[in-house]
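Number of protein chains: 4
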Amino acid sequence: MRPSYSEVAREGDLVQLYGKSYKSHFIVLKHAQTLQTHRGVIAHDAIIGQKWGSCLYSHQGNPFYLMQPALVDILKNLKRNTQIMYPKDIGYVNMVMGIGPGQTVLEAGTGSGALTCAFAFLVGNEGRVISYDRKAEIQQLALQNLTKINLQDRVILKTREVELGFDEENVDAIFLDLPNPYDYLQIVERSLKPGGFFGTILPTVNQVSLTLKSLSQENFAFIEVCEIMLRFYKTDWERFRPTDRMIAHTGFLVFARSVLGIDPAIELPDPGE
Amino acid sequence: MRPSYSEVAREGDLVQLYGKSYKSHFIVLKHAQTLQTHRGVIAHDAIIGQKWGSCLYSHQGNPFYLMQPALVDILKNLKRNTQIMYPKDIGYVNMVMGIGPGQTVLEAGTGSGALTCAFAFLVGNEGRVISYDRKAEIQQLALQNLTKINLQDRVILKTREVELGFDEENVDAIFLDLPNPYDYLQIVERSLKPGGFFGTILPTVNQVSLTLKSLSQENFAFIEVCEIMLRFYKTDWERFRPTDRMIAHTGFLVFARSVLGIDPAIELPDPGE
Amino acid sequence: MRPSYSEVAREGDLVQLYGKSYKSHFIVLKHAQTLQTHRGVIAHDAIIGQKWGSCLYSHQGNPFYLMQPALVDILKNLKRNTQIMYPKDIGYVNMVMGIGPGQTVLEAGTGSGALTCAFAFLVGNEGRVISYDRKAEIQQLALQNLTKINLQDRVILKTREVELGFDEENVDAIFLDLPNPYDYLQIVERSLKPGGFFGTILPTVNQVSLTLKSLSQENFAFIEVCEIMLRFYKTDWERFRPTDRMIAHTGFLVFARSVLGIDPAIELPDPGE
Amino acid sequence: MRPSYSEVAREGDLVQLYGKSYKSHFIVLKHAQTLQTHRGVIAHDAIIGQKWGSCLYSHQGNPFYLMQPALVDILKNLKRNTQIMYPKDIGYVNMVMGIGPGQTVLEAGTGSGALTCAFAFLVGNEGRVISYDRKAEIQQLALQNLTKINLQDRVILKTREVELGFDEENVDAIFLDLPNPYDYLQIVERSLKPGGFFGTILPTVNQVSLTLKSLSQENFAFIEVCEIMLRFYKTDWERFRPTDRMIAHTGFLVFARSVLGIDPAIELPDPGE
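Protein sequence lines, in the order shown, are assigned to chains A, B, C and D. Take 0 as the starting number for the first sequence in numbering that gives the first Met the number 0 and just add one per residue. Take 0 as the starting number for the second sequence in numbering that gives the first Met the number 0 and just add one per residue. Take 0 as the starting number for the third sequence in numbering that gives the first Met the number 0 and just add one per residue. Take 0 as the starting number for the fourth sequence in numbering that gives the first Met the number 0 and just add one per residue.
Source of the hints: derived by calculation from the structure; they are not laboratory data. Be aware that a few hints might be false.
[Said to hold, decoys possible] Think about it this way: if two alpha-carbon atoms lie no more than 25 Å apart in a straight line, the pair counts; the simulated DMTMM-like pairs of lysine to aspartate or glutamate are:
(1) A:Lys-233 with B:Glu-125
(2) D:Lys-212 with D:Glu-223
(3) B:Lys-75 with A:Asp-243
(4) D:Lys-78 with B:Asp-243
(5) C:Lys-78 with D:Glu-223
(6) B:Lys-75 with A:Asp-262
(7) B:Lys-19 with A:Asp-262
(8) C:Lys-147 with C:Glu-162
(9) C:Lys-78 with A:Asp-243
(10) A:Lys-50 with B:Asp-262
(11) D:Lys-50 with C:Glu-125
(12) A:Lys-22 with B:Glu-125
(13) D:Lys-50 with C:Glu-223
(14) C:Lys-19 with C:Asp-243
(15) B:Lys-78 with B:Glu-160
(16) D:Lys-19 with C:Glu-217
(17) A:Lys-212 with B:Glu-167
(18) B:Lys-19 with B:Asp-44
(19) D:Lys-75 with B:Asp-243
(20) C:Lys-212 with A:Asp-235
(21) B:Lys-157 with B:Glu-167
(22) C:Lys-50 with D:Glu-223
(23) A:Lys-212 with A:Glu-188
(24) A:Lys-147 with A:Glu-125
(25) D:Lys-19 with C:Asp-262
(26) A:Lys-22 with B:Glu-223
(27) C:Lys-19 with D:Glu-10
(28) C:Lys-75 with D:Glu-266
(29) D:Lys-75 with D:Asp-182
(30) A:Lys-147 with B:Glu-237
(31) B:Lys-157 with B:Glu-136
(32) B:Lys-75 with B:Glu-226
(33) D:Lys-19 with C:Glu-223
(34) A:Lys-147 with A:Glu-188
(35) C:Lys-233 with B:Glu-237
[Said to hold, decoys possible] Just a few of them, taken from the derived set where beta-carbon distance is under 8 Å, the chain D residues facing chain C:
(36) Tyr-17
(37) Lys-19
(38) Gly-48
(39) Lys-50
(40) Gln-59
Values in this document were obtained by computation on a predicted structure and should not be read as measured data. Every residue gets a Cβ at the ideal spot worked out from N, C-alpha and C, and that includes glycine.
Just chain A, same shape as in the assembly (with noise of 0.2 Å):
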């Protein structure tokens, strides 16, 4: 990805074909090679210097609105073998993990490098996005996605079972995306900068409230949990309603910052009230 495109496609662009059946194509464009879809070829030729936003057609007649994707289009299409984070939930954790430029960011498992791909994005050139996982295999994909969007060189994929503890110190922020991060707090604390940022995603309740009396037990404080629930409108103008199903649950998030030296007589905000 391109930190900022220009008003045409280039050679070198990530871009993503829109096509019928809302059947998508996300390609880096380069000089003499073509497209292969079950609609038709295009050269990236023929996309080369076409304005953003243009329709293009297939040598079968067939249109494709050529886009610049946004991080949210990437992740909609990634291949994957795991469930991975909606951009609802990515979105938020961005916010309160303060996830920006130049901030080095460690997460276990990569799964298929979705979250790994959100923050690659996020922390720039400047930044780093430590990811480990105990499989291999999966973290190959998620190398593929990184490497489909350039973001390759900010993600250093390390394969390992996170109980042996991580190798980096003094991190940012450091968000678990496993089933039982209430086992893993203490190598948190060891790896996080004082006052640095833990999050984690969980399906069940069971999982929470056993994150909760860890989270009690070690040094963190500013602990919240919460839930993004998404709903979208049907975009009728004389019609206007929301859609009749939406997703109910993907996970509660679980905020905390690691702290040195609790004092009680500091009361800890009561998010929600």
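Put chains B, C and D on the given structure of chain A with help from the hints.
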């Protein structure tokens, strides 16, 4: 805001001192200065060199946690004279509109500058935020807020009515935080890069309906309307449950992308189905 | 429906036989009759005298639970040719409109009769439900549904366009399940007892807005608009969590009460504040 | 509460006088009596014979609407010394548990009697509500509330600990509004008609999890856990939008039905899927 903090607070760092009764102080550390609070005085020199996450004490013995603030902490404590956008909404806006390092983002109106701060944080040193508002005094407050967190260099504030048009062309994304975005869509199209991202937030359904009508009459596609609902939970692991009350409504988010030449053969996505 | 069931199923009882693959059969027990199912035959005489909650078997050995159906079970299994109201909405309508034994309730349109069944169940033997619909064939289905649960004697079905007016006066409550209730509010006022309850359900905000406009021009007060959202949880006690998907929208409920002589000195309640 | 009211208020009617500042008075009309309020005096004889929905005036000239109260109005204004169930939850409980005319319903504990009032209203003159609570003084308040709305004859209050068991057998439905329903499921089974309806409401997920565990160990099926969320909207038709805040949580509703002899070949419904 330094991109990434070291293990200890250093001169020039933006720090949050979180004290009793949920009261936070945000200061940039400077040798020989002091922080005056209702709970006593702390010398900046007594903070410089301390580990993040430490509990420090004023001359009266009142405790404060030394924290590096996340974007969300800064936004919550922003000086304001207008309603500001909530982190839950900003987080999702960033995802859908692809805000990240190196981009050029335009917004109107500036208001108290919450979204301006978020955009400025995310676009990094290579990015740029241009923010219009018709009231100079409101922009003064936004400038104060930006300066406090040292992001003022990434932002260009312009005092002007939107109906007079924007100076910029080919910006990556435009966000309108105004009551009547439906009146300005042609102005948006002129300044937005083809294929670029448009977004707005509106409190009432009547405004959303008018905006959808206008969008359907201009060259926009990939229109999406949604709401983000954030539900907090009480963090007692033995009595885990949602909080009693919640924010039920902040605004409807409307997103669209400009396109050149709409081909009706392409079905557009219907989010949420 | 018998008002209250004995411990065993008796002739004349409406019973639910809940079998494999979530398939239910609703029958009124009658000596010497048989129930034919895709999973085998059961004689009514083999059901009469059995304890409720028992597991019975067809001649092919397929199991069925013998249950006395609740209103909600009947509604879920109603024959329908129109969208029917959901139990979550009907339950709240009953509370706000004070539906109970002995009352006279008017509705239009009848549709498949789900709300008709609910009203008929609740008004008891002394109550009365009058239901208008412009299509006779739709009312035939409602009549079948009412007869199946033996509540037909409490309901008077009238085939007529609402714009021609209702015959009744001074009814306790009127519910309109129609696309344009805003066109019929004067007709409602003529048939509703002063102080009586008006209710309607509408899928789009445009319809709600028009209805609110019309209500404000007639003699109605205590106006209330709400939505009922029902979130189910998976029932595994070790992995307790919300279901993945939910019904996001059925309709907006609008309630009001007719009044004689509005005094602006009386502040009306603002629900939800 | 009269089953159905005439067009005018009559002696013996329960009336609601809704005055300034959202203040309501509930009285049973009686010849020669007077109502004393902070906004002046009204003689009952000045109310008897007036049309419902009229605006009446005290001797000081303050206005009051004369309304026949719905169940929901009574519940909202109930005297209470405990948290009472919300109408949104009661309405759904009634639907799922099939509460209606002629039934026998048992509850524990009585609390301030909100659910008791609702059940008593719905079971009609032929029905019966038995309500247990271990505290006599709490039941006194419930009795006052029931007497005020003239439903006391349908309710039998018993002062006893639940662990001592219920006297009744074969009741149609049992609702436990207690912190630990999971301790009493065998007691429930002994008093509930086979196939009958069990329900409970619980604030925390920990309690729900324990209840689900216990239910899975007893003869219960058709287990369902849900939450009812009620979202109000502001009623300005030109600025239609949700209210800013809402009640986010009252309790989780748990429902089940007793069965005799569970056959694992029968798949039980998974609500919400």
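Now for the hints, and whether the structure bears them out:
Simply put, A:Lys-233 and B:Glu-125 have alpha-carbon atoms about 37 Å apart, too far for the 25 Å limit, and the pair is violated. A C-alpha spacing of about 13 Å is found between D:Lys-212 and D:Glu-223, which places the hinted pair at or below 25 Å, so the restraint holds. Simply put, B:Lys-75 and A:Asp-243 have alpha-carbon atoms about 34 Å apart, too far for the 25 Å limit, and the pair is violated. With a C-alpha separation of about 21 Å, the suggested pair D:Lys-78 and B:Asp-243 falls inside the 25 Å cut-off, and the hint holds.
For a cut-off of 25 Å, the pair hint linking C:Lys-78 to D:Glu-223 stands: about 24 Å separates their Cα positions. Distance restraint check for B:Lys-75 and A:Asp-262: the Cα-Cα separation of roughly 23 Å lies within the 25 Å cut-off, and the hinted pair is therefore satisfied. About 10 Å separates the Cα atoms of B:Lys-19 and A:Asp-262, which keeps this hinted pair within 25 Å; it holds. This hinted pair does not check out: C:Lys-147 and C:Glu-162 have alpha carbons roughly 31 Å apart, beyond 25 Å.
A hinted pair counts as satisfied when its Cα atoms are at most 25 Å apart, and C:Lys-78 with A:Asp-243 qualifies at roughly 21 Å. With a CA separation close to 16 Å, the supplied pair A:Lys-50 and B:Asp-262 stays within the 25 Å bound. Restraint check for D:Lys-50 and C:Glu-125: the C-alpha separation of about 23 Å stays at or below 25 Å, so the hint holds. Straight-line distance between C-alpha atoms of A:Lys-22 and B:Glu-125 comes to about 33 Å, which puts the hinted pair past the 25 Å bound.
With a C-alpha separation of about 23 Å, the suggested pair D:Lys-50 and C:Glu-223 falls inside the 25 Å cut-off, and the hint holds. At most 25 Å may separate the alpha-carbon atoms for a hinted pair to count; C:Lys-19 and C:Asp-243 meet this at roughly 24 Å. Simply put, B:Lys-78 and B:Glu-160 have alpha-carbon atoms about 23 Å apart, close enough for the 25 Å limit, and the pair holds. Taking the CA atoms of D:Lys-19 and C:Glu-217, the gap is about 21 Å. The hint holds against a cut of 25 Å.
Taking the CA atoms of A:Lys-212 and B:Glu-167, the gap is near 53 Å; set against the 25 Å cutoff, the hint is violated. About 22 Å separates the Cα atoms of B:Lys-19 and B:Asp-44, which keeps this hinted pair within 25 Å; it holds. At most 25 Å may separate the alpha-carbon atoms for a hinted pair to count; D:Lys-75 and B:Asp-243 meet this at roughly 18 Å. Using a Cα cut-off of 25 Å, the hinted pair C:Lys-212 and A:Asp-235 holds, with the two alpha carbons roughly 21 Å apart.
In summary, the hint linking B:Lys-157 to B:Glu-167 is supported, as the alpha carbons are separated by about 11 Å, within the 25 Å threshold. Restraint check for C:Lys-50 and D:Glu-223: satisfied, since their Cα atoms lie roughly 23 Å apart, inside the 25 Å limit. Proximity of A:Lys-212 to A:Glu-188 is assessed by CA-CA distance (about 16 Å); at most 25 Å being required, the pair is judged to hold. In summary, the hint linking A:Lys-147 to A:Glu-125 is supported, as the alpha carbons are separated by about 20 Å, within the 25 Å threshold.
Our distance criterion of 25 Å between C-alpha atoms is met by D:Lys-19 and C:Asp-262, whose separation comes to about 10 Å. Proposed proximity of A:Lys-22 and B:Glu-223 is supported: the alpha carbons are some 18 Å apart, at most 25 Å. Under the criterion of a C-alpha separation no larger than 25 Å, the hint pairing C:Lys-19 with D:Glu-10 is inconsistent with the structure, at around 56 Å. At most 25 Å may separate the alpha-carbon atoms for a hinted pair to count; C:Lys-75 and D:Glu-266 meet this at roughly 17 Å.
The hinted pair formed by D:Lys-75 and D:Asp-182 fails the criterion: a straight-line CA distance of about 31 Å is larger than 25 Å. As the CA atoms of A:Lys-147 and B:Glu-237 are separated by approximately 45 Å, the hinted pair breaks the 25 Å bound. Restraint check: the Cα-Cα separation between B:Lys-157 and B:Glu-136 comes to about 12 Å, which is no more than 25 Å; the hinted pair holds. Proposed proximity of B:Lys-75 and B:Glu-226 is supported: the alpha carbons are some 20 Å apart, at most 25 Å.
For the hint pairing D:Lys-19 with C:Glu-223, the CA-to-CA distance comes to about 18 Å; that is within 25 Å, so the pair holds. Pair hint A:Lys-147 plus A:Glu-188 does not hold up; C-alpha atoms about 33 Å apart against a cutoff of 25 Å. For a cut-off of 25 Å, the pair hint linking C:Lys-233 to B:Glu-237 stands: about 20 Å separates their Cα positions. This hint holds: D:Tyr-17 has a C-beta 7 Å from the nearest C-beta of chain C, less than the 8 Å allowed.
With its C-beta approaching chain C no nearer than about 6 Å, D:Lys-19 sits inside the 8 Å limit, and its interface hint holds. Interface restraint check: D:Gly-48 against chain C, minimum CB-CB distance 13 Å, threshold 8 Å, status violated. With a least beta-carbon distance of about 5 Å to chain C, the hint placing D:Lys-50 at the interface is held under the 8 Å criterion. For D:Gln-59, the interface hint is violated, since its Cβ never comes within 8 Å of a Cβ in chain C; the closest pair sits about 12 Å apart.
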